[in-house]
Amino acid sequence: MVWAILSIKVENKPGILFKVTHLFRSRNFNIDSISVGVTEDKKYSRMTITTIGDEKQITQIVKQLDKMIDTIEVRRLDVNNSVYRELVMFKIKVSKPEDSMEINKLASAYSAKTHDAKKESIIVEMTATPHQISAFEELAKKFGIKEMARTGITALEREEHEH
Amino acid sequence: MNDNMIGARALMLALEKEGVKEVFGLPGGANLPMYDELYKSNIRHILVRHEQSAAHMADGFGRVSRKPGVCFATSGPGATNLLTGIATAQADSAPMVAVTGQVPVKMIGKDAFQESDIIGMANPAVKYSYQPRTPEEIPEIVKKGFYIAETGRPGPVLLDIPKDVQQNEGKFTFPDEVRMPGYHPWTDPDIPSIEKAIQLLLTSEKPIILAGGGVIISSAFAELQSIAEMLMIPVVTTFKGKGAFPENHPLSLGPIGMHGHAEANKLMTEADCVLAIGTRFSDRSVGTFEEFERNLKIIHMDVDPAEIGKNQTTSVAVVGDVQASLRIMVKMLIKKAMKKSDDNPWLMHVNEVKDYWRENLKLHPGEMGAAKILRKLREVLPKQSIVTTEVGQHQMWASLFYDVIQPGTFFSSTGLGTMGWGFPAAIGAKAARPDVPVVDIAGDGSFNMTENSLATSVLEDLPVIVFLINNFSLGMVAQWQRTFYEKRMIGIDLKNCPDYVKLAESYGAQGIRAQSMDELEKAIKSGLNSDVATVIDIPIDPEEDVLPFVAPGTSLKDMILPS
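For the protein sequence lines, the chains are A and B, in the order given. One rule links them: number in the working numbering = place in the first sequence (from 1) + 102. One rule links them: number in the working numbering = place in the second sequence (from 1) + 3.
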């Protein structure tokens, strides 16, 4: 099983997100994460979908997505040659006064920002790879994670090297 | 063209511009503006008694004419009734444009009377769908709809038009061309892969050609025949591909699959290389995927790149319109002066197996056995006649015992397996080809589902023959209950209800009961000469099974034969 990042350029029209996600459902594929937003050209949106499957399944997903009339371009990104990040927010429990300082220290170690520091909790915002997010999550567990929200991965492939 | 008019008028003009001469449909509240403009247009309306039949008629029309058939339905139940027909067309890659009325834009999402989210419901069953929100979008979306429905791998397109979009005035431009950056129906023939395919075919010892529905869709009959004859390769087909190759040709082995010909299934499993053309390797055709591809090199030609590697692993993939690819293959073979002799060991073996099974397959002993009545039909029908089928035992008997001589004259709901498809599809086929006889090979269970299309056939002057193989039961289910459920028979007994002769007559059609070969021949001839639809009720032995039979989830090798 492999993890794949798919970058899908679609027309920026209502109903297309539905069609894309419906395709995953009706073809028995899985969506691991999804993020959507408008591109540099407002006529188009880019969906970044991560999925897990064997090579054959992922090839099929790409082909089936490509076949959709509303998709302009479907690319499977090279995971080793792409910048991929996810935004995550944690609401972390503050039980004792020194927690607050420790959480701040941990956050800055991960280049994360803190918001809404209260007596009971702090919100930590970080942009990182899924791997880094898991690592932070492990460390934050000792304080207690009250809530967590993540956006799903977005990604761009690096430019080819010039020869 | 620039003009102020209402959306519904623009719709009719756009349809006329696409060459539409007839639509199959049924009016209701949300499509009345369309119907009012249909009244004023030159397009013929063919009224159905249930929207499902409108979709099947459009489907039959589309498969025969290779131009999208058009069906109209109102919102809500009208639209949901179309759904089975749309899904059937999608499963069999049939070109269709379905136009539904929808509640006015401001009422959408308010659970209005006869509102259904048909775009949402139909999504996985369409090639494309669109709901215009302004009248000005109509001409372009009609143009796009037809282009999408009929190009590449054909399929159904759904246009869902809110009532106010039909009623409101707009200023219209009718485009001659449309641009769709995400739609590339054609790719240039892949010449290097075609070269490789030829090499593989020439170096294999036991090659076979598997022709699928794609050969029929792209009318690649002549090219297929040239290749088979030049290389002396035997041809099997999928059920959808039945009649892609003349079934009286010496190289024809007939369909493979669950109810394939014994010789076709046997030789398919012995082959070492297959040229598979325009097929999606349905489980009904190939049995288990793993077993099918064992010791078999697969050359897969298809217009749809997503079909390559979906069900089977291929050695060579040739993406592109199969007719274009086969043409190039023919040219290359001519250039290489390639011609194989017919005395190679494989072909001699093929002929032995074929001769053996054609002589020794045990058939039902009764006078009105399925093989006998279907061979009689073949004998009496002119070869250019178009045949449709319903779904069930009669369909598989048709596959086994009705030989298609003129390619592209046999159509069936092979993918979705929709009972009730054959009769309305035959009416649609008749609308497309009024010059040839059209016959629906039917079973009683299937015919029950859309028999009210007799009204359309009679009143719209679209006479077809319903060749009703009547076993008083849901015969295929009965066969499975006999075979797999220790004869616990439930839910299959249809008794002899209705009386099909009286039913036909009550609609103003001709009803004939045929209980002997003699009566059957007379009945078919009477149907061919009739100005109205003819239902030939042919009672048969309800216990007759369809054999050979490859049980679901098993391989073609494990075919059950008549004992």
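Take the hints with a grain of salt, since some may be wrong.
Okay, derived cross-link-like pairs now, DSSO-like style, lysine-lysine, Cα gap no bigger than 30 angstroms in a straight line [said to hold, decoys possible]:
1) A/Lys144 to B/Lys146
2) B/Lys146 to B/Lys43
3) B/Lys334 to A/Lys158
4) B/Lys20 to B/Lys43
5) B/Lys70 to A/Lys115
6) B/Lys386 to B/Lys560
7) A/Lys145 to B/Lys146
8) A/Lys169 to B/Lys339
9) B/Lys560 to A/Lys158
10) B/Lys386 to B/Lys375
11) A/Lys145 to B/Lys20
12) B/Lys300 to A/Lys169
13) B/Lys209 to B/Lys339
14) B/Lys20 to B/Lys209
15) A/Lys165 to B/Lys43
16) B/Lys313 to A/Lys111
17) A/Lys115 to B/Lys20
18) B/Lys146 to A/Lys111
19) A/Lys158 to B/Lys528
20) B/Lys109 to A/Lys115
21) B/Lys334 to B/Lys209
22) B/Lys528 to B/Lys375
23) B/Lys375 to A/Lys145
24) B/Lys313 to A/Lys169
25) A/Lys115 to B/Lys146
26) B/Lys199 to A/Lys165
27) B/Lys199 to A/Lys158
From the derived model, a few chain A residues whose C-beta atoms are all more than 12 angstroms from chain B [unchecked claim]:
28) Thr161
29) Gln162
30) Ile171
Pairwise CB distance ranges, derived in the manner of DEER restraints [stated by the list, open to error]:
31) A/Ser236 to B/Arg69: 42 to 48 angstroms
32) B/Pro184 to A/Ile154: 28 to 34 angstroms
33) B/Glu139 to A/Phe120: 20 to 26 angstroms
34) A/Ile133 to B/Arg69: 16 to 22 angstroms
35) A/Asn114 to B/Thr206: 49 to 55 angstroms
36) B/Lys505 to A/Ile133: 42 to 48 angstroms
37) B/Phe177 to A/Glu113: 20 to 26 angstroms
Hints are computed from structural coordinates only; laboratory data are not their basis. Small disclaimer: the values here were computed from a predicted structure and weren't measured. Don't be surprised by glycine CBs; every beta carbon is placed ideally from N, CA and C.
Do the hints match the structure? See the list:
1. A/Lys144 to B/Lys146: With a Cα-Cα distance of about 25 angstroms, the restraint between A/Lys144 and B/Lys146 holds, given a limit of 30 angstroms.
2. B/Lys146 to B/Lys43: 21 angstroms, holds
3. B/Lys334 to A/Lys158: Not satisfied, since the Cα-Cα distance of roughly 34 angstroms exceeds 30 angstroms.
4. B/Lys20 to B/Lys43: 15 angstroms, holds
5. B/Lys70 to A/Lys115: 29 angstroms, holds
6. B/Lys386 to B/Lys560: Judged against 30 angstroms, a Cα distance of about 33 angstroms means the pair is violated.
7. A/Lys145 to B/Lys146: 21 angstroms, holds
8. A/Lys169 to B/Lys339: Status violated; Cα separation ~36 angstroms.
9. B/Lys560 to A/Lys158: 26 angstroms, holds
10. B/Lys386 to B/Lys375: Measuring from Cα to Cα gives roughly 18 angstroms; hence the hint holds.
11. A/Lys145 to B/Lys20: 29 angstroms, holds
12. B/Lys300 to A/Lys169: 26 angstroms, holds
13. B/Lys209 to B/Lys339: 21 angstroms, holds
14. B/Lys20 to B/Lys209: 50 angstroms, violated
15. A/Lys165 to B/Lys43: 44 angstroms, violated
16. B/Lys313 to A/Lys111: 23 angstroms, holds
17. A/Lys115 to B/Lys20: The hint holds at about 27 angstroms.
18. B/Lys146 to A/Lys111: 24 angstroms, holds
19. A/Lys158 to B/Lys528: 54 angstroms, violated
20. B/Lys109 to A/Lys115: Holds, at about 19 angstroms.
21. B/Lys334 to B/Lys209: Roughly 23 angstroms between the alpha carbons, so the hint for B/Lys334 and B/Lys209 holds.
22. B/Lys528 to B/Lys375: 17 angstroms, holds
23. B/Lys375 to A/Lys145: Judged against 30 angstroms, a Cα distance of about 63 angstroms means the pair is violated.
24. B/Lys313 to A/Lys169: 13 angstroms, holds
25. A/Lys115 to B/Lys146: 19 angstroms, holds
26. B/Lys199 to A/Lys165: 23 angstroms, holds
27. B/Lys199 to A/Lys158: 23 angstroms, holds
28. Thr161: Label violated. Min Cβ-Cβ 6 angstroms, cutoff 12 angstroms.
29. Gln162: For A/Gln162, whose nearest Cβ neighbour in chain B is about 6 angstroms away, the distance does not exceed 12 angstroms, so it is violated.
30. Ile171: Per Cβ check, A/Ile171 is inside 12 angstroms of chain B; nearest 5 angstroms; violated.
31. A/Ser236 to B/Arg69: 42 to 48 angstroms: 55 angstroms, violated
32. B/Pro184 to A/Ile154: 28 to 34 angstroms: Because 30 angstroms falls inside the window, the suggested range holds.
33. B/Glu139 to A/Phe120: 20 to 26 angstroms: 24 angstroms, holds
34. A/Ile133 to B/Arg69: 16 to 22 angstroms: Violated - the Cβ-Cβ distance for A/Ile133 and B/Arg69, about 37 angstroms, lies outside 16 to 22 angstroms.
35. A/Asn114 to B/Thr206: 49 to 55 angstroms: 51 angstroms, holds
36. B/Lys505 to A/Ile133: 42 to 48 angstroms: Violated, at about 56 angstroms.
37. B/Phe177 to A/Glu113: 20 to 26 angstroms: 22 angstroms, holds
In summary, the structure is inconsistent with hints 3, 6, 8, 14, 15, 19, 23, 28, 29, 30, 31, 34, 36 from the numbered list given earlier, while agreeing with the others.
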